[in-house]
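Chemist: Let's have the full structure, built from the sequences with the hints guiding it.
Residue numbers (this note's numbering), protein chains in the order written: chain A, 1 to 335; chain B, 336 to 568; chain C, 569 to 853.
Wrong hints could be hidden among the right ones.
What the hints assert, rightly or not - Within a straight-line C-alpha distance of at most 27 angstroms, the following computed DSS-like cross-link-like pairs (lysine-lysine) qualify:
(1) B:K387 to A:K195
(2) B:K487 to B:K448
(3) C:K725 to B:K448
(4) B:K458 to C:K725
Keep in mind the hints are simulated off the structure, nothing from the lab.
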Amino acid sequence: MLIPGIPRLLVLAFFLLLPFVGNLYLVNQFTLLLVYGMFAMSLSLLWGYVGLLCFGHAVFFGLGAYIMAMVTKQMIPGMDGILSSSLAGILAAVGFNALFALILGWFLFYGRLSGPYLGIVTLAISVLVERIFINWYYTGGYNGISSVPALSFAGWEFSDPRHLYLLVFVLSLCAYLFLRRVVNSPFGAIISAIKHNEARAESFGFHATKYKIKVFAIGASVAGLAGALFAAAAEFVSPTELGFKMSTEVLIWTALGGREGLIASFMGAVTVKLLENYLSEALSEYWVLIIGFIFLLSVIFFPQGLFGRLLENRNKGWSVTSPQRSKTKKEGRVC
Amino acid sequence: MLRVQGLEASYGESLALQGVDLSVEIGEIKALMGRNGMGKSTLLKAIMGLVKIRRGEVAVEGRSVTGMPTFQIALEGVGYVPQGREIFASFSVLENLRVGLLRFPRAERVIPKEIYDYFPLLKERENQRAGSFSGGQQQMLAIARALVGRPKLLLLDEPSEGIQPSIVEEIAEILKKINQETGLTILVVEQNINMISDIADSCAFMEKGRIAYACAMEEIMRDESIITRYMSV
Amino acid sequence: MSAAVQILNGLNYILVLILVAMGLVIIFGLMNVINMAHGEFFLLGAYTVVLTSKMGLGFWVGFIFAPILVGLLGAILEAVLVRRLYHRILDTILATWGVSIVIKQGIILTFGPEGLMVKPPMPEMVTFAGISYPSYRLFIMGVALFVIAATFYLFLKTDFGLGARAVIANPNMAASLGINTRRMYLTTFSLGSAIAGLAGATMAPLMSCDPHMGLGFFIPAFLAILVGGASSLGGILVGGGVIGGAQNAISSVYSPVVAQIVVFSLAIIIIRMRPEGILGRKARD
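Modeler: As structure tokens, then:
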């Protein structure tokens, strides 16, 4: 079941070998790129696979980062010792996001809010939470929290950038395998069926709303994990990470990479962010203008994204969608 | 009036049109018959530009309308009364009729008197909400709404569906009268043989997305086995 | 600040919010398209005024030109972009959102990221029954009321409105009756955009104009539509009243951030409690 195609094998090999050939600066840079890639994959799950176009997805990333920072800096009263370890931070970030998304999903999905409207509500949340953190003195306001402790597990600190990189790499791979497992499982088949024809899925006896809430929580959790790793790797977190700007960026990464594929989205994040790192200095404010234009063109002319075709795996997966559809539309689930 | 040649199209889950050839002469009432799901409604939709045409051609009075947007086909003189009537339920009767007039310049947006002669009910109830009409009344409204646009060709999709027999008869009479007095050409999809035999001049039968047989009405009168061949389930 | 002034200010905000929401909702109602660039159209309206003030042409030239320019831009956008994506409704959201990024960044590049002030065009105060109130704010309320009433009139009483309502109710049937749906879409998109541009222009002298002000109006306007329901124009009056009123009342007592939190939570709860009122009729995607 897990036989990656050649392009995906190359992606894997590249990221695996990077710390052994690249310099430390590059390794540090790519650690964050991995984190962004993981973040983009979580959006791809919601957007590409379920049709939940989240305009404010960064809220989950940012909350994950803030929780990680606050737990490991012992800023949460009553949480010290083992409860302020990296692992506790990650678990808290993931758990909080899952809970937050479940509650939010309960309100919104039962409010019969469908895809795009829900997406814009998440944008509202993202902007709102950004404002809250800007105005919250305890978490550093506009400047956020700095000197977030590096990751450490059972006394072993990941202070060497290469070790940190490898850890984040392994976690990204795990996140990928997990998300891939989700979309290729019967559960994934049902959410895909819901995406294509909700009424039909309901008529088969699937409670569409419950499935949507669950997948929303999964997407939020993975974004939270990415956020937590970001806080530890970058050693800081600021309101930018949960607000409008970040939400915009992750949407562009995912769209340009290819929303309907996990690895495609991942590569979208890595590529765009890498280009930004090198070009934004020369182009300054024009960078956003240019990337906005490219995004616009991609929506019209290649909605599959840059890597959508290249990395697409045409295995049949579990297509439970309406039989007519799967005949006419190629149902090859990506990754 | 209408010429359809080699028309191919598909619509949702219903059977595709697989090369329909059909022509309707000026001033005639042509009935289009066949069992359910044979593509009759799809054909009307395709003529109206509501279904994407894959191949073939539709011409009205010798002018090709293939690929035109729907509103332009309407402006070429094709009126359409869809299955289920699709009146604007929340609008008043008068508003429904006025929608049919919007294509004209402002000064010409007057409902022709003849419409009310044919359908006096629509004058009496002009301020009533159209959704509160019975099926038969809605059908009359839908026909009248198409007629205020002064079409040359009227496409009617199952006008008798779900309507009580006495009203069906009344509608049939009115259609015949309009046809005789104004020379309006009508292509009507219908399952109701009684209605067809009252009004139609000629007949075409569809089977599996094609016209299987076409003939004058007299031929059917002489040989009823044609009907059983194409209509019985 | 006296209570009366407070209430007038609240009313002021509500009316402008309804204006913004109305532009969104007529586009949405007719075309099922959520114009994500709506906030940036508001922004462009405001910056038109900023520009004419800078150029020495004064406020009023900008005030007249803002709806015209933004309406024109809306028409162009519909013709070259939205029209291509008719059959991919979800992608129209993305595309208009891409447009919003480009417009906003264009504004940043042209005018800089910092807030800009516009000289108040009507600095004098009006005193009535012991209450002194800026005449310009009264002017805004008048303009907003007029445009809201005119839009209602247009859609409910005119032939154009009849056609538009027919397209909303059943686009295929309307087209079959000879209504030029394409032109209808173009006109409506342009009109909705122009209203946003006008709203931006009227607000410019009241606030510091920065590139993010569009979003600041787009989000509450969107929430107002969700709360009020998009199926009728009347819904926006309710939604705008609830969202705008709560926002204003709470921020005058506590702070704008608290107000935003409360208003947002309120909106979410209303959506949960009364889903049928929220985009009920048009829930298809």
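Chemist: Each hint: holds or not?
Modeler: We went through each hint and held it up to the structure:
no. : hint             : result
1   : B:K387 to A:K195 : holds, 25 angstroms
2   : B:K487 to B:K448 : holds, 18 angstroms
3   : C:K725 to B:K448 : holds, 24 angstroms
4   : B:K458 to C:K725 : holds, 20 angstroms
When the structure is compared with the earlier hints, no violation turns up for any of them.
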